[in-house]
Amino acid sequence: MTNVLVCIKRVPETSGQILLSDDAQTIDGRHVGYTVSPHEECAVELAIQVARGTDGEATVLTVGSEESVAQLRDAIAVGCSAAVLVEADIDRFGPADVAEAIAGVVKEHEAAGTPFDLILLGNDAADTGDFQVGVRLAYQLGRPVVTGISTVEVLGDRVVARGDGPDGIEVFELPLPAVVAIQEGGIEPRYPSVPGRMKAKRTPVETVTPEIEPVGSGRVRLKLPPQQPSNVEVLGEGADAAPAVVDLLVKIGVVSR
Amino acid sequence: MILVFVETDGQGATETSREALTFAREIAERSGDDALNAVLVGPMSSDGTDVILQQLGEAGVSVVHRAQDERLSAYCAAAWAASVVDAAQATAARVIVATGTPRGSEIMAHLATRLDVQMAANVVAVDETNPLTVSRQVMGGSALEEMRLNSQPAVMTVAGHATEPTPAGQPTTPEVVVFSPTLSDADLVARVARSEVSQVDDTAALTGARVVVGAGRGAGGADGFADLLELTELLGGVLGVSRVVTSLGWRPHHEQVGQTGSRISPDVYLACGISGAIQHWAGCSSAKTIIAINTDPDAPMVTKAHYAVIGDLHEVVPAINEELRQRLG
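Chain order of the listed sequences is C and B.
Residues in the first sequence are numbered from 2 upward in steps of one, following the working numbering.
Residues in the second sequence are numbered from 6 upward in steps of one, following the working numbering.
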């Protein structure tokens, strides 16, 4: 039986145009949707697969505002059975603070006799892109860690983790308990079922408040990359532009006639 | 002293590591001509060492610290980081730099944790040297964060292709210091147990291509590439894709162009259905001519391109193919 903790983060959808808050400390969230990163969607899926495969439980955790409960419920809807909200002003928390807050919950569960054997996180958060919370958490807990992992499989008291390396797929075998940071691409996250959504509404969320004096992230301000003036020449619209494209390719010399 | 963790492959120091060396040298020069050192960890053939030392000399490295321990032959982030920590402490490094690859990021995360300092990931510029303030990519590259590194040593990874690798004004003949790092059993637990061969990985064809046909989310699905592949063939080019395409499993990773993929510099890049996030732009901006095909006239790929066609690639590309077939006979 493997009990899995999977850590997620509520992040703004950043596919469109980004606006900054007036003090440039954060992004203007008034007109954007919120989600979790693809890495974390894959981590949630792997947590559910490992837990179900071993008759264990998958617990989802986030550090953030009360609004993050929406993201916790999404994870319950696809198969996590419990949820923990570590309520904190995430903008004041740096990666070391987040790791410390998560470690606090893990240690409390251990002391209560309900330890987590495997902790999964996304490789890097879609917003701050720090690439370090999983590693810092592992050191806090004295557990082995690997990052950039696409798939995990628990075999007895070990986890076999596979990820892309410079020369092919690298295979790691870690003794449990362990920490693994997941990179998207290894598996397809499932969609929530209707019963899953119903269950997500009923499942209670354990809320804890960390007693941490955050060291912070070192953020001075956010800024948008400078916009270069556009010098684009539009060749046309739709299929009608095809001759102009080919003329251009001939002119450049990559098409001989 | 500024210390750079240099990644190597069969050909020598990797391109992104040479970028990180250039970036680190600029910090060294701006903060009063500080010394630049490099640290090498992991397996290396004896032939490779000569090439690497020459590259490091061209980059202006004065001392190369080479960790020697047979237990470092398999990749193991904690043990490799322990080795970099030893080199950093032996030299009293002020700043430690690596490239923002998966390995560089993982090792720097271990290193920063071990030294109990901050780490700045994916840095693109140094704004101030005292106190050290950097700009780094956040929100997937759509925004930058100005971050102050208060703790010493300052630890950072440099975003791939944020800078061009350039030689130092004064090349050096680096001194090589071989050292035995202090490794504990715990440091060696999470090492690569074995490798498995992945599918054909022909990135060389992409980086050297004269014509690259690019495809992004606009392809619509794994079955949306037939016309694009035909165009690629008609032009004798190579297909390159954006990160979203490989993430969704539509095409294999080795076809990816961008910060975490290949950097291309073709004569023509036909970017079809690609919005042009910074992550992608980092890999394609060296193309001599960029032609964007996109439904959105305001997409960054369109505004940054030299030429554009506004329309759905599934209508435009077949029409180009037809035109090419007619003209090529």
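Do not take every clue at face value.
To be verified - Here are a few chain C residues that face chain B, going by a calculated C-beta distance under 8 Å: (1) Ile-19; (2) Tyr-35; (3) Pro-167; (4) Gly-169; (5) Pro-226; (6) Glu-238; (7) Ala-242.
What the hints assert, rightly or not - According to the in silico footprint, chain C covers these stretches of chain B (three or more CB under 8 Å from chain C): (8) 176-190; (9) 249-261; (10) 285-291; (11) 307-317; (12) 324-331.
Just so you know, these hints were derived from the structure itself, not from any lab.
Just so you know, even glycine gets a beta-carbon here, dropped at the ideal spot from N, CA and C.
Status of the hints after comparison with the structure:
{"no.": "1", "hint": "Ile-19", "result": "holds (5 Å)"}
{"no.": "2", "hint": "Tyr-35", "result": "violated (13 Å)"}
{"no.": "3", "hint": "Pro-167", "result": "holds (6 Å)"}
{"no.": "4", "hint": "Gly-169", "result": "holds (5 Å)"}
{"no.": "5", "hint": "Pro-226", "result": "holds (6 Å)"}
{"no.": "6", "hint": "Glu-238", "result": "holds (5 Å)"}
{"no.": "7", "hint": "Ala-242", "result": "holds (4 Å)"}
{"no.": "8", "hint": "176-190", "result": "violated (count 0)"}
{"no.": "9", "hint": "249-261", "result": "holds (count 4)"}
{"no.": "10", "hint": "285-291", "result": "violated (count 0)"}
{"no.": "11", "hint": "307-317", "result": "holds (count 11)"}
{"no.": "12", "hint": "324-331", "result": "holds (count 5)"}
Checked against the numbered hints listed earlier, the structure breaks hints 2, 8 and 10; every other hint is satisfied.
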